[in-house]
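At position 62 of the sequence shown (counting the first as 1) the number is 62 in the numbering used here, and the numbers step up by one without a gap.
Be aware that one or more of the hints could be misleading.
[Said to hold, decoys possible] Listed next, the in silico DMTMM-like pairs over lysine to aspartate or glutamate satisfying Cα-Cα at most 20 Å (straight line):
id	residue 1	residue 2
1	Lys13	Glu60
2	Lys55	Asp37
3	Lys75	Asp48
4	Lys29	Glu42
5	Lys15	Glu32
6	Lys87	Glu60
7	Lys12	Glu76
8	Lys59	Glu76
9	Lys15	Glu60
10	Lys83	Asp67
11	Lys12	Asp67
12	Lys15	Asp67
13	Lys18	Glu84
14	Lys18	Asp48
15	Lys13	Asp67
16	Lys29	Glu60
17	Lys59	Glu84
18	Lys78	Asp67
To be clear, the hints were calculated from the coordinates, so they are not data collected in a lab.
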Amino acid sequence: MKKHIHKPVAAKKIKSLKLARQAQGTLIKVIEMIESDIYCPEIIQQADSVSGLLKSLRKELLAGHLDTCALNQLKENKSEAVKELLKIYNISD
Numbered sequence: 001m002k003k004h005i006h007k008p009v010a011a012k013k014i015k016s017l018k019l020a021r022q023a024q025g026t027l028i029k030v031i032e033m034i035e036s037d038i039y040c041p042e043i044i045q046q047a048d049s050v051s052g053l054l055k056s057l058r059k060e061l062l063a064g065h066l067d068t069c070a071l072n073q074l075k076e077n078k079s080e081a082v083k084e085l086l087k088i089y090n091i092s093d
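Could you put the whole structure together from the sequences, leaning on the hints where they help?
This is the structure in structure tokens:
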């Protein structure tokens, strides 16, 4: 199955980029904190923040994919589209 490349809806793209940049900035901060021997609970709190941002980013990207690409893929090749969705949800091999 050919991978469908699409242009995400502008609002979703902007939100996804914002979340990705926030996660990147926070991860850089975590690295700097580790290098500076900052108190572990403070580092853990920032690491949890990165995890939360990445989870939000994943949700935003998945919503965009389901809104656009997945519908087209289901029409073109249902079995491949289902395999892809199972992979995204970590349900398949």
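Quiz item: Within 20 Å, alpha carbon to alpha carbon, are Lys75 and Asp48?
Solution: Not OK: Lys75 and Asp48 at ~39 Å, beyond 20 Å, violated.
Quiz item: Holds or violated: are the alpha carbons of Lys78 and Asp67 at most 20 Å from each other?
Solution: holds (16 Å)
Self-check item: Given pair status - Glu84, Lys59, alpha carbons within 20 Å
Solution: Distance of about 16 Å is within 20 Å: holds.
Quiz item: Given the proposed pairing of Lys15 with Asp67, does the C-alpha separation stay at or below 20 Å?
Solution: holds (15 Å)
Quiz item: Taking only the CA atoms, is the gap from Lys12 to Glu76 under or equal to 20 Å?
Solution: violated (24 Å)
Quiz item: Under the criterion that the straight-line Cα-Cα distance not exceed 20 Å, is the pair Lys13, Glu60 satisfied?
Solution: holds (9 Å)
Quiz prompt | Proposed proximity, Glu42 with Lys29 (alpha carbon, max 20 Å) | solution = holds (11 Å)
Quiz item: Is the straight-line distance between the alpha-carbon of Lys15 and that of Glu60 20 Å or less?
Solution: holds (8 Å)
Self-check item: Hinted pair Lys18 and Asp48, Cα distance within 20 Å
Solution: With Cα atoms ~18 Å apart, Lys18 and Asp48 stay inside 20 Å; holds.
Quiz item: Regarding the pair Lys55 and Asp37, is the alpha-carbon distance no greater than 20 Å?
Solution: violated (27 Å)
Quiz item: CA of Lys18 to CA of Glu84, is that 20 Å or under?
Solution: The hint is violated at about 26 Å.
Quiz item: Is the Cα-Cα distance between Lys87 and Glu60 20 Å or less?
Solution: holds (17 Å)
The structure fails hints 2, 3, 5, 7, 8, 13, 16 (numbered hints given earlier, in ascending order).
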